[in-house]
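A.B. asks: Protein chains in written order, with numbering that gives the first Met the number 0: chain A, 0 to 258; chain B, 0 to 273; chain C, 0 to 317.
Honestly, I wouldn't trust all of these hints.
[Claimed, not checked] Examples of chain C residues lying across from chain B (beta carbon under 8 Å, computed):
1) V31
2) G92
3) A95
4) E159
5) D170
6) F287
If you are wondering where the hints come from, they were derived from the structure by calculation, not from laboratory data.
Please read all numbers here as calculations on a predicted model, not as lab measurements.
Glycine included, each C-beta is placed from N, C-alpha and C at the ideal position.
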Amino acid sequence: MSRLAARALVCRRGPRTVLESIDVSFAADQVTAIIGPNGSGKTTLLRHLAGLDRAAGGDVALDGAPLGQLAAGVRARRIAYLPQGASVYWPLLGRDLVALGRLPHGADLGRPLSALDADAVERALRRVDGLAFADRTVDALSQGERARLLLARTLATEAEILVADEPVASLDPAYALDTMSVLRAEARCGACVVVSLHDLGLAARFADRVIVLAGGRVAADGPPDEALRPAIIDAAYGVGFRTVVLEGVTQPVAWSRRP
Amino acid sequence: MALWLRCLLVAAGLLGGGSTSWAQAPQRVVTVNLCLDQAALRVAAPGQLVGVSYLSHDPRISMLADKARAIPAVRAKVESILELRPDLVIFDRDAHANIKRLVRKAGVPILEVPWASSLEDAEALITRIGAALGRDAEAQAIVVDMWGQRRRLAHDGPPTALAATLQANRGTAGKGSLMNELLHLAGFRNLAAELGIPAYGRLPLESVLAGQPDLLVLDGNANAHPARATEFVDHNALLALAGRTRLLSIPLKYSICAGPENFAALKLLAEARR
Amino acid sequence: MNRWLLVLVLALYVVSLAVGPALWPWRLGNEVGWAIVWELRVPRATLGLLIGGALGLSGAVLQGWLRNPLAEPGVIGVSACASFAAVCAFYSGLAAAFTLALPLAGIAGAAIAVALLMTAVRAGTGTVSLLLMGVAINAIAAALIALVLASSPNPFAYQEISLWLAGSITDRDLRYLAISTPFMVAGALLVLGAGRGVDALSLGDNAARSLGVETGRLGLRLTLGVGLMVGAATSVAGVIGFVGLIAPHLVRAKVGYKPGATMVPAMLVGAALVLAADILVRLMPTAFELQLGVFTSLVGAPFLVYVVRRARSAWLAA
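Build out the structure end to end from the sequences listed, making use of the hints.
C.D. replies: Have a look at this one:
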């Protein structure tokens, strides 16, 4: 059953139409990767899916009900969102940072966490393998460690839907692989994961389904093998792709400037 | 100097540093300081004074505002002084040296006089300006009148009652100030002076209350246009002195400069003493 | 920690009641002694307590909200703007005719300044432009204050620019306490309930919204809260700078840098700082009592330099 769905979604930024009539739905137990070149509308789509922006037309529905009708607190418990290039503005303790994910459940950093919240924080930290540095301040961590804690913050909400905007951008391969594994594990546990990616190889390997955005429209939507065919992504990116097959997974590789 | 001796000297024209005969007297005199304005306004012949400070036009601080308003106001700017084509400019000795230098450089003679902070100083100042303006007789008449008033209004015997004065910013008249002299003449001890506060020191409201003076002198109208400096006049705490302390409002213009106007203040003080 | 801070604040409050040129007024044992305590020392000590608390809390709120360790009502011009509005109400005689005009004007001035600054922040600019905006607002407000004072018919008004740009709580009577306290308390209650929202903002605006924080409404609430506190405080005392900068910094490490948890201790430290400063200016052997605002600048401005130098570029560049 599809949980989250964009229905004839139209988004404008100023005079520019960023998304033109998008119709996509997202199922539980799946990692859906959104790919597409810069400016294709990935971030805009994810912001709308997370309920942050108001659509110019159409809507986003959660279990059939428009997201806009949901109270902000309820929405926050059901959809967790990791913004692109997420940052922390204060040198918080790692554990406190993760606990921010419990705010929708009524947690207050000014008081000791309830047993329920503390457990959720602990679980989230374990899932990103972050217990080792949870008691250090985030300014003392590497960028990769910080990114893991920010992911754990999103997991700590224990929402049924997880929307992550380029969670692996600017991470080195080890962290990128770890992050994708975590997201896939979430989907295996029943979550509906929507993640935008620049790395088509990771999309091919970790996603159950790939949506290709180009010029504010859905250019392809299907299993990675289908959606990542050179015929589609050549046109979307304006680059010539070739493919290699590694352990049964087809990996697109940008090969020449002209398609 | 004994009073009688000074009488003689003034009569003989020996005090005040050589007087000018009317024929040689300056005909276009400018003063640029409120207190010098007041002295000059009293002494000068009609038309002889062609410029006074703008402050003298303000009836709240100037005794002779009516008279002053007939005369153009100057600010302490060289241009506005020279514009009046003066043949004498009278400065306070503490006035800005640069202005004095520029006026002198423009070929205008200047007279520098010391600041008057007592009745005696005021008499000397009037005599001096009278001499400079060729108006000795007028100056002398004023001085003699001041002696008379002082004799009439002065309190006999040592001062006993206690008084405190409060001015803007809780400023007070402490030791060696004009108001201190007036208070003593009227038979009051001065709270501020007894607390060791200097002439232009500050007197905290708390000290006023704690001193529980018999008389509190302030300018009751000072806060008609509100300012932080004068809002203490309406402070609730002063109400606690009601029934114990007499409040006396003395307009600022009676005591801001040393001069014959001080006797108006002295009269009010003497009445309060009774 | 809060308990100890509370004890410190109460101790300083008692000391503040006990310090003054009349030494021990209660020995007078009559209505004059009573007036010294009740009409002079109680308003002074209580205003110190409340204004210090309001400024410390406002600093913590602004820093958390703007995610900027240098945001402070004085530094970024909120106090100066409040001061200008209060000056308009005070010297025009409006406040004399309608007592509440003074705090209300101050509150309006402060709220307008906060709203103005938020446009700069929303335009996506960083620390530097926030501070430059503050410099501009401070300069404009100071100039406008001078202009208004120069037009006052009271001969002393023009010398009072410094009083409004570096405030004081000397000789304010109970009326001042009465017109400012309700607003400062209301403002404090408004912002103290917003700790979770401010915490969420440490992840940025988008993440905070995804956590269910309605950042627009939160901003309105904080603008109003800071406006009420800084506006009412400034309208009775003038600008008392740097308290809102120092207080949160002193406590932040102790609460693990959590912006929400910084608020209450920063409020208490602010109250302690202003009470202590106001006791010191009374005890210092200067010929004239130093203005409270001058004293806090004397201590606070070097502190600003220290914070700027110490702050990691990572936390400042954001």
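A.B. asks: With reference to the structure, classify each hint as holding or not holding.
C.D. replies: Do the hints match the structure? See the list:
no.: 1; hint: V31; verdict: holds (5 Å)
no.: 2; hint: G92; verdict: holds (6 Å)
no.: 3; hint: A95; verdict: holds (5 Å)
no.: 4; hint: E159; verdict: holds (5 Å)
no.: 5; hint: D170; verdict: holds (5 Å)
no.: 6; hint: F287; verdict: holds (6 Å)
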